[in-house]
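Trainee: Sequence:
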Amino acid sequence: MIDKLEAIKGRYDQVALALTNPEVVQDNKQFSKLSKEYRQLEKIVKAYDAYRKLLDAIAFNKEVLESGDEEMRELAKEETESLAEQKDKTEAEIRNLLIPKDPQDEKNAILEIRGGTGGDEAALFAGDLLRMYLRYCENKGWKTAIMSENPGAAGGYKEAVVEVTGDDVYGTLKFESGVHRVQRVPATEASGRVHTSAATVAVLPEAEDVDVEIREADIKMDTFRSSGAGGQHVNKTESAVRLTHIPTGVVVECQEGRSQHSNRDIAMRMLRTRIYEAAVRKHEDAIASQRKSLVSTGDRSAKIRTYNYPQGRITDHRIGMTVYNMDAFMNGEIQDMIDALQFAENAEKMKSGDQAII
1463 MIDKLEAIKG
1473 RYDQVALALT
1483 NPEVVQDNKQ
1493 FSKLSKEYRQ
1503 LEKIVKAYDA
1513 YRKLLDAIAF
1523 NKEVLESGDE
1533 EMRELAKEET
1543 ESLAEQKDKT
1553 EAEIRNLLIP
1563 KDPQDEKNAI
1573 LEIRGGTGGD
1583 EAALFAGDLL
1593 RMYLRYCENK
1603 GWKTAIMSEN
1613 PGAAGGYKEA
1623 VVEVTGDDVY
1633 GTLKFESGVH
1643 RVQRVPATEA
1653 SGRVHTSAAT
1663 VAVLPEAEDV
1673 DVEIREADIK
1683 MDTFRSSGAG
1693 GQHVNKTESA
1703 VRLTHIPTGV
1713 VVECQEGRSQ
1723 HSNRDIAMRM
1733 LRTRIYEAAV
1743 RKHEDAIASQ
1753 RKSLVSTGDR
1763 SAKIRTYNYP
1773 QGRITDHRIG
1783 MTVYNMDAFM
1793 NGEIQDMIDA
1803 LQFAENAEKM
1813 KSGDQAII
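Going from the sequence shown to my numbering is simple: count from 1 and add 1462.
Any given hint could be a false lead.
30 Å max Cα-Cα, derived BS3-like pairs, lysine-lysine [said to hold, decoys possible]:
hint	residue 1	residue 2
1	1505	1551
2	1620	1549
3	1508	1563
4	1508	1498
5	1563	1551
6	1524	1466
7	1498	1620
8	1620	1605
9	1471	1811
10	1466	1515
If you are wondering where the hints come from, they were derived from the structure by calculation, not from laboratory data.
With the hints as constraints, model all of the structure from the sequences given.
Mentor: Next up, the structure:
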């Protein structure tokens, strides 16, 4: 492991030097790529530096125990157990950091939320989930932009599509894909009876131009008038856009922009992502079948989490984790759950013998 860590440290120093090169700084694409790599390597290098200090302290204590005076030996003896625990903990952290990431993990993401079974209550819950994720993204310092939305008749959303940009967005949010079930008394329920409703969440890695090649000849574009808020403009101009990818039959719509041109740009990003998703799902399914992982199989039809309002609990069925902080959770404080899911996924990778990087 030390040899691998030394190699990583060497690469980290190379990248740090490259980022000071004026030619690299002027090349936005190259600078962005190297900056990402630098941030990833920095976590490992910091852990390695801490590990080396622990090894030096353990070696020093060993010398003291062998040849120091009695008072020094006593102090060294007290420290040895604590240092050994720290060493084990740091080694586990480093092994976790060395697990190779999926290439898609670094990408931005398209977050799709749809009301499922439950009518108006499902749409309201989809709206609650949207708010939860927007708060979480805000806390992470990620940028969000609504690409498409279809409000529910009684509030909430029948469907909402959000673009999320930042560091490791897809690798963090991918565990949220699946069916989210809610058990609560709907605002429209007069008798106070608890209802069960559901919403589906899909997290897709955002495709870049280099990921998917779409020929203009394969796209059919239709325009129509936007619906919803927006004043007279939306009723008088056909600014909304519907794109159909003829070879695959994939259809996307966008009416969020103020012009046909901006809506087409947004729709093209959505279309590219949907087509790219098919290849990613195949890749994820292959990994999941090898690992028999229940954490991120990419199966959107699987019920992954239950939100029980009367009991104030949220249960993730994949890892059997239950928390009792409903208000905070729905306000975007979901990091502990995501950390537990990532830990379970990494444990699965280690068990299946995935090789460390370098």
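Trainee: Confirm or reject each hint.
Mentor: Verification of the hints:
1. 1505 - 1551: holds (15 Å)
2. 1620 - 1549: violated (51 Å)
3. 1508 - 1563: Since the Cα atoms of residue 1508 and residue 1563 sit roughly 18 Å apart, the hinted pair holds (cutoff 30 Å).
4. 1508 - 1498: Given pair residue 1508, residue 1498 holds - Cα atoms ~16 Å apart, limit 30 Å.
5. 1563 - 1551: Since the Cα atoms of residue 1563 and residue 1551 sit roughly 21 Å apart, the hinted pair holds (cutoff 30 Å).
6. 1524 - 1466: This hinted pair holds, its Cα atoms lying about 26 Å apart.
7. 1498 - 1620: The hint is violated at about 36 Å.
8. 1620 - 1605: Given pair residue 1620, residue 1605 holds - Cα atoms ~23 Å apart, limit 30 Å.
9. 1471 - 1811: holds (24 Å)
10. 1466 - 1515: Holds - the C-alpha atoms of residue 1515 and residue 1466 are around 17 Å apart, at most 30 Å.
The structure is inconsistent with the numbered hints 2 and 7, although it conforms to all the rest.
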